[in-house]
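Spelled out from the first residue to the last, the chains are:
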Amino acid sequence: MTLAVNALTLNRGNAAVLRGVSADLEPGQITAIVGPNGAGKSSLLMALAGLLEPETGTVTLDGRNIADIPLRARARAIGYLPQGADIAWDVAVEALAALGRMPHGDARREPVDAAIAALDLDALRRRPVSQLSGGERARVLLARVLAGEPRWILADEPLAALDLAHQVNLAGHLKACADAGTGVVIVLHDLALAMNYADRVIVLDAGKLSADAPPDQALSSENIERVWGVKTRWATLLPEPEGMKADSKRNPGQQALVTFGPV
Amino acid sequence: MMRASLVFAALLAVLLPLSLLAGRVWIDPANIEDFGPNAALILMELRLPRAVLAIVVGAGLGAAGAAMQGYLRNPLADPGLFGIAPMAALGAVASFWFGMTWSLPVFALAGAGLAMALLALIAGRTSSGAGGGLALFTLAGLMIASLAGALTALAITMAPNAFALSQIVLWLNGALTDRSWNEVWIAAPLTFAGIAVLLAAARSLDALTLGEDAARSMGINPRRLLFLLVVGVGLSVGAGVAVAGIIGFVGLIVPHLVRPLTNRMPSSLIVPSALAGACLVLAADSAVRVLPLVTELRLGIALSLIGAPFFLWLLIRMRRGQL
Chain A
22 MTLAVNALTL NRGNAAVLRG VSADLEPGQI TAIVGPNGAG KSSLLMALAG LLEPETGTVT
82 LDGRNIADIP LRARARAIGY LPQGADIAWD VAVEALAALG RMPHGDARRE PVDAAIAALD
142 LDALRRRPVS QLSGGERARV LLARVLAGEP RWILADEPLA ALDLAHQVNL AGHLKACADA
202 GTGVVIVLHD LALAMNYADR VIVLDAGKLS ADAPPDQALS SENIERVWGV KTRWATLLPE
262 PEGMKADSKR NPGQQALVTF GPV
Chain B
87 MMRASLVFAA LLAVLLPLSL LAGRVWIDPA NIEDFGPNAA LILMELRLPR AVLAIVVGAG
147 LGAAGAAMQG YLRNPLADPG LFGIAPMAAL GAVASFWFGM TWSLPVFALA GAGLAMALLA
207 LIAGRTSSGA GGGLALFTLA GLMIASLAGA LTALAITMAP NAFALSQIVL WLNGALTDRS
267 WNEVWIAAPL TFAGIAVLLA AARSLDALTL GEDAARSMGI NPRRLLFLLV VGVGLSVGAG
327 VAVAGIIGFV GLIVPHLVRP LTNRMPSSLI VPSALAGACL VLAADSAVRV LPLVTELRLG
387 IALSLIGAPF FLWLLIRMRR GQL
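Heads up: the sequence lines are chains A and B, in that order.
Positions in the first sequence are counted from 1; adding 21 to them yields the numbering used here.
Positions in the second sequence are counted from 1; adding 86 to them yields the numbering used here.
These aren't lab readings, by the way, just hints derived from the structure by calculation.
Mixed in with the good hints, there may be bad ones.
[What the hints assert, rightly or not] Far from chain A by the CB rule (all over 10 angstroms, computed), these chain B residues:
#1 Leu98
#2 Leu102
#3 Leu134
#4 Val138
#5 Leu162
#6 Ala180
#7 Gly199
#8 Thr263
#9 Ala274
#10 Ile387
#11 Ala388
#12 Arg405
[Unchecked claim] Derived coverage of chain B by chain A (criterion: at least 3 residues anywhere in the stretch with Cβ under 8 angstroms from a Cβ of chain A; other residues may be distant):
#13 290-296
#14 302-309
Everything numeric in this text was worked out from a predicted model, so none of it was measured.
Ideal Cβ positions, reconstructed from N, Cα and C, are used throughout, including at glycine.
Kindly generate the complete structure, drawing on both the sequences and the hints.
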């Protein structure tokens, strides 16, 4: 039940975007991929989804080379959410989420309904996507992935451009998926979100694996300085607000990243 | 999809008998005996094949337009973008040029086939799996279209005689005048085969709603989809051009008429767009027959006269973000 990359090297055009990256990903966890712009985060995610062909090295799902898995079977196992909300036609929420059943070739209602309910979209079922806010749109796109009941969710910046409430909400949904045994791999820019939500963090720097560890180790101040060139400290914000306990499942830590400017 | 299909099927059921009665000679169904044996002849050998051909050509253009807009994820796409119709037209022009008009449909179909082969060759080189193949492929189709256009213009300027010249120019403005059952037997099987191929691609087009990468992650094989599109559009549009010449705007307009009656997914547009395309061409062809002009208005010109203002209106609406 693992998704793994072994000595992955990837070119886009003539430029090498990933160089010798290896990692075994575990189901039931949130793995965050972080790194500066152009580090190869999205490329790694696409390679994991089988959408980019490696120059050398392999991507394997349960020990099987992903290139050898039939497209439909791969699509049933791996749900991929690309960056940004690019929806060509003004379809209704329900119809869009139902696209998630395509890899299964069925039109089962229950998984679609469950995904819509999980993302609090019941009231918006019949609304066309042009009339949704950015946050609602992001939830619908994630609902499409959830409706396919994949064993792996690979999402590229699913929390970007969301307001605080929606960020916390969507991150909570992803956490719930991971707790239910799904492997969740997300590309993140916000290091504090990675610190607080991920079980494991992969740091990429110029196409190379720079760190692969639990968040407090991978995102140590030393690593951040080395990779991003910014001096930072993690601060634990306490006390908790009155009557609110730190929710170990939904929001395990309350770490804030304090920056002190470039090195 | 069901609702839209029913609406346009019902409309077609009304239009077809009207179209059979309409023309220079109006046939009054109550007093059909007054026309003597000519009425049956006019109906069965002139008007019925022409009406059936209008339905076939319109259905092919409508379905191809819906599929192309879905494939290119763009409401302004038109089946002509792939260069298939211009190549088919070039083939037909060649038959005039060589004075072999008796084999015009064969020449036109050969043109369409050549365009499809070229597209398939280019597709094999561009859709290697990485993104951006679609844009490259569309540009390649546009280049085929403009090459065919240039060669057609060359054929016109270097026409061997005035007769061939007038024939070419007239034919390029598509029409359904003086068509017989022969044309129906050529176009109908190819067109319906093309529509069937497009229907096989329909669900994959839905996946493209979320973009090329998302569609591939959903198990869509972009190369297979592209081949289905090229073959489906090639057959349905190529057959139409072979029997009727260039009839523009139908493929562009029809999906817009259909979309509000559906859930807007590309797959739900193909069948109703075929029916709506049939309605549009049948209605337009009946209208040009009864317009009191010295010579019959060419169908291609009539549809462009309707189509261009509609397209402008569409652009303005798009600017207002109402699509």
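task: Could you let me know if the closest chain A CB is still more than 10 angstroms away from the CB of alanine 180 of chain B?
output: Holds, because the least Cβ-Cβ distance between alanine 180 of chain B and chain A comes to about 38 angstroms, which exceeds 10 angstroms.
- prompt: Taking the closest pair, is the beta carbon of leucine 162 of chain B still more than 10 angstroms from chain A?
  reply: holds (12 angstroms)
query: Can we trust that isoleucine 387 of chain B is non-interface, i.e. its beta-carbon lies farther than 10 angstroms from all of chain A?
result: holds (32 angstroms)
field: Distance rule for threonine 263 of chain B, whose beta carbon must clear each one in chain A by more than 10 angstroms
entry: Given that every Cβ of chain A is farther than 10 angstroms from that of threonine 263 of chain B, nearest at about 38 angstroms, it holds.
field: Least C-beta distance between valine 138 of chain B and chain A, which was stated to exceed 10 angstroms
entry: holds (32 angstroms)
query: Would the least Cβ to Cβ distance between alanine 388 of chain B and chain A come out above 10 angstroms?
result: holds (30 angstroms)
Verdict on arginine 405 of chain B as a residue remote from chain A, using beta-carbon distances over 10 angstroms: holds (14 angstroms)
- request: Taking the shortest Cβ-to-Cβ distance between alanine 274 of chain B and chain A, state whether it exceeds 10 angstroms.
  value: holds (31 angstroms)
- prompt: Does the claim that leucine 98 of chain B lies off the interface hold, with its Cβ farther than 10 angstroms from every Cβ of chain A?
  reply: At roughly 25 angstroms from the nearest Cβ of chain A, leucine 98 of chain B sits farther out than 10 angstroms, so the non-interface label holds.
- prompt: According to a criterion of three or more residues whose C-beta lies within less than 8 angstroms of a C-beta of chain A, is the segment 290-296 of chain B covered?
  reply: Answer holds; 5 residues pass the 8 angstroms Cβ test.
- prompt: Can we confirm that no CB of chain A comes within 10 angstroms of the CB of leucine 102 of chain B?
  reply: Check passes; 31 angstroms lies beyond 10 angstroms.
query: How about the segment 302-309 of chain B: do at least three of its residues have a C-beta closer than 8 angstroms to a C-beta of chain A?
result: holds (count 6)
In this structure, none of the earlier numbered hints is contradicted; all agree with it.
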